[in-house]
Amino acid sequence: MSDQKKAKPDNRPLLEVSAVSKSFGGVHAVRDVSFSLIPGTITGLIGPNGAGKTTLFNLITGVFPANRGQITFDGTATHKFRINDLVSRGIARTFQNVELFESMTVLENILVGQHTRTRCGIWGSIFRFPWVRREERQARENAMTLLTSVGIDAYADQPSGDLPFGWQRLLELARALAAQPKLLLLDEPAAGLNITETAQLGELIQKIQQQGITILLVEHDMSLTMTVSDKIIVLDQGQKIAEGLPREVQENEAVVKAYLGTTEN
Amino acid sequence: MQEILQYLFSGITSGAIYAVIAVGFSMLYNSTELINFAHGEFVMLGALSMVTLSGPLGLPLIPAFLVSVIGVACLGMLFERLAIRTVRHPNPIVLIIITVGASIFLKGVGMLVWGKNAHTIPPFTDHPPLDIAGAKLLFQSIWIVVIVLLMAAGLHLFYKKSLTGKAMEACAISQKAAWLVGIPSKFMTLLAFGLSTGMGAVAGVIIAPITMSSYDMGTMLGLKGFCAAMLGGLGSLWGSLIGGLLLGVLEALGVGLVSSGLKDAIAFLLLLFILYVRPGGIISSANVERF
Amino acid sequence: MTNRATWFRIAYTAMAGIVILTGILVSNAYHLQLLTFIGINTLLALGLNMLMGYAGQISLGHAAFYGIGAYTTAILTVHYGISPWMALPAAILIAMAVAYIVGVPTLKLSGYYLGMGTLGFGMIVHILFREWSSVTGGASGFIGIPPLELGPISFTSGRNYFYLVWALVLLSIIICQRIIDSRIGRGLRAIHDGEKAAKAVGVNTSALKLQVFVLSAALSALAGFLYAHLVYFISPGTFDFITSIRMVTMVVIGGMASIWGALLGASLLTLLPEWLHSFSEFEMVVYGLVLMTVMIFLPQGLTRGLMDLYERSKKSQT
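Residue numbers (my numbering), protein chains in the order written: chain A, 363 to 627; chain B, 121 to 411; chain C, 16 to 333.
Heads up, some of the hints might be wrong.
Stated by the list, open to error - Stretch by stretch, here's where chain C covers chain B in the computed footprint (C-beta under 8 Å, at least three residues):
(1) 203 to 214
(2) 384 to 393
Claimed, not checked - No farther apart than 30 Å at their CA atoms in a straight line, the calculated lysine-lysine pairs in the BS3-like style are these:
(3) A:Lys544 with A:Lys569
(4) B:Lys296 with B:Lys306
(5) B:Lys281 with B:Lys296
(6) B:Lys256 with C:Lys123
(7) A:Lys442 with A:Lys593
(8) A:Lys544 with A:Lys593
(9) C:Lys329 with B:Lys296
(10) A:Lys593 with A:Lys619
(11) B:Lys306 with B:Lys280
(12) B:Lys256 with B:Lys383
(13) A:Lys569 with A:Lys593
(14) C:Lys211 with A:Lys544
(15) B:Lys236 with B:Lys383
(16) B:Lys306 with B:Lys286
(17) C:Lys211 with A:Lys569
(18) A:Lys442 with C:Lys123
(19) A:Lys544 with A:Lys619
(20) B:Lys383 with C:Lys123
(21) B:Lys281 with B:Lys306
(22) A:Lys442 with C:Lys211
(23) C:Lys211 with C:Lys329
These are calculated hints, taken from the structure and not from any lab test.
The C-beta atom is built at its ideal place from N, Cα and C for all residues, glycine as well.
Next comes chain A alone, as it looks inside the complex (with noise of 0.2 Å):
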């Protein structure tokens, strides 16, 4: 990894979202959420269902843009740009449903990862100048770096759709890590995992912090949310009711009353 990613001194926001909302016809998804997100934190984003938070990620990931307000992104204002510029400029994502590439084999899924931080275009692709087996060459062996970071370095020729479910996690959680991001949006990574994958999802994502990754995190299961979070910021249908250190949260009266009535652990 480059320089840029050690955890820089810089309490400038990386990510700004400013009276954000978005509604659609009349259902207001996401009102008025204002937030801020330090570089190099991991910020965990809960609420109850249907409180807006994959919306929020679509906003921020420029599926949508929104009614009202502003996302700012490393100092630019996100609205003007397409989900696939977006990952150039450093905003990469889960989904809550594993969407691998399942006609590929597990390398080739994080090859395509890293489709933004390579060159080789159709020409390219056609003459095989020196430089493109060059890059090529030195993407497969980034890719299978990355493997090996997360443990599946053994399955890269695989079709990603074999793995047990809880490696097409890891596997897409690598493909995001692929595009060299600054902002990784994890939504629901531990959705489906056992008590002893998701306390290895946690130190995992602590590992990707240290190497300067700024993280934002929607998590039902509460133990690894607060475990990992260095800020929690809740919201319940569309609204931000806190935010704040997991421990204040947690006591936050408005936040207990969103829940009650929940079964959460």
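Following the hints, put chains B and C in place on chain A, whose structure we already have.
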């Protein structure tokens, strides 16, 4: 002036035909989210069955009409059972190609049964063409428009008043929710195919007296009917009627005023226009009401 | 070298060998022409396969590009006396330009609407060929297309043309395989597997779809050029909706996302009318049945279907 009126008359006649074919497409899409590329061939089968039943087999008008339509509708349901329901991984590409294959197959069958010649039958009633302000209107055209309107009204009532109709509409909105309240969605799909192809057959029957029907008449009719459906807004009954009429009139005016070679191009140019500019169809600005 | 790369090299070398031998051993002019047609159809299938099999987009109007290739070279060589070898790049470039212009709005559509949009485009081009008589000769067609010659070599004999076409097919196969095995090919396959996820990892899906659409148009135009200078006469009827469907059939039956599938599909579809010659009335019925049956039971096409059978029989032996 008289010329324009004449073009208008012929445009309304062909427009009514496109309309009823468009309704067939729309109604199937509405109930199943499927587009049947073989729809035009069911029109052809309706027309040619009518020719055989009322010609060589000598059946009187109304029985021949009914047998043709019901027969083709049954064939449509058989098609759904054999070719659509059996698909293991339904996605648009697969379904498009299956229905395209079906269209080729049915055309081949049509050719085997009826040969390459064109056939025609006498009009429903023996009435000389009407003379309106110097322009001639075939009496059969009036039959066509009347029958199409009756069918549209019938369909509207079916969806709004009958339980089956409402069930079908429910399936279109959400298959899962419909299943949860006990609506047999597979049967609904079957019924939708039967209704849709039946309507196609009606279109074939009512134009048989004014066209030369042959095994390959279905392709263009089907494509243009689809263009008309898109024009008006796929899935909307009144949209399909308006789209069909509009297409028919524009075609007739184009042929009369510009050039006959461009006749077919008009439908496809309109289709591309709608797809690029307003995929919801021309009435999409208003609330796209389902049937 | 990976397993797949080795297999490809073996298959490719075998194919080149078969082509060379066939040219030497077959002397019947009719058979040679049939085999040449298989080659031309393979070019059509290859291009469409890249679009449908790898990028996952459908086109029901691709005969338009086949026709643009043929008509461009016919017009340039006959009306303007330009050498066919100059008309060739012109034919390909014009087809690519048209594909670019049409592709930008059309590829934004998806599913049925994409099928319909490409169908509409194909029909309009066909009508253009038929009605623009002053330029294209109209419905009666375009005669007098000159044969190809390169110095002392004349491509009027069946054998020479056979080699010309198949050399270009082999070249195109290499080009397509290289694209598939590259960053671009992976991007295409990603689009096919899940466009949402492809965008989320940074693939510029609209640009890639457009690029492969333009590439497929180029290959179809090349086929059109070769067709025109083989038969010296072209008419709009060769580039209609039925032809577009035939192209789709070749890709689908052979097997999408497989270069060898394109070859298999092209071969089967060229030979089918020959086999049915005595039963020509049944051609449509058989054609339609085959199309439906393959798509219902083997939507992956014959190549993958046969490979699956092979895999399963291997597993049951161990």
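Checked hints:
1. 203 to 214: With 8 residues close enough to chain C, the hint holds.
2. 384 to 393: Coverage by chain C holds here, the residue count being 6 at a Cβ distance below 8 Å.
3. A:Lys544 with A:Lys569: Holds. A:Lys544 to A:Lys569 sits at ~14 Å (cutoff 30 Å).
4. B:Lys296 with B:Lys306: holds (12 Å)
5. B:Lys281 with B:Lys296: holds (23 Å)
6. B:Lys256 with C:Lys123: Given pair B:Lys256, C:Lys123 is violated - Cα atoms ~45 Å apart, limit 30 Å.
7. A:Lys442 with A:Lys593: holds (29 Å)
8. A:Lys544 with A:Lys593: holds (18 Å)
9. C:Lys329 with B:Lys296: violated (41 Å)
10. A:Lys593 with A:Lys619: Holds, because 20 Å separates the two Cα atoms, which is no more than 30 Å.
11. B:Lys306 with B:Lys280: Holds - the C-alpha atoms of B:Lys280 and B:Lys306 are around 21 Å apart, at most 30 Å.
12. B:Lys256 with B:Lys383: holds (21 Å)
13. A:Lys569 with A:Lys593: holds (17 Å)
14. C:Lys211 with A:Lys544: holds (21 Å)
15. B:Lys236 with B:Lys383: The hint holds at about 24 Å.
16. B:Lys306 with B:Lys286: Status holds; Cα separation ~15 Å.
17. C:Lys211 with A:Lys569: Satisfied, since the Cα-Cα distance of roughly 28 Å is no more than 30 Å.
18. A:Lys442 with C:Lys123: At roughly 19 Å apart (the allowed maximum being 30 Å), C:Lys123 and A:Lys442 satisfy the hint.
19. A:Lys544 with A:Lys619: Violated: A:Lys544 and A:Lys619 sit about 34 Å apart, past 30 Å.
20. B:Lys383 with C:Lys123: Between B:Lys383 and C:Lys123 the Cα gap is close to 28 Å, so the pair holds against 30 Å.
21. B:Lys281 with B:Lys306: Holds, because 21 Å separates the two Cα atoms, which is no more than 30 Å.
22. A:Lys442 with C:Lys211: The given pair, whose Cα atoms are some 19 Å apart, holds under the 30 Å limit.
23. C:Lys211 with C:Lys329: With a Cα-Cα distance of about 37 Å, the restraint between C:Lys211 and C:Lys329 is violated, given a limit of 30 Å.
Comparing the model with each numbered hint stated earlier shows that hints 6, 9, 19 and 23 do not hold.
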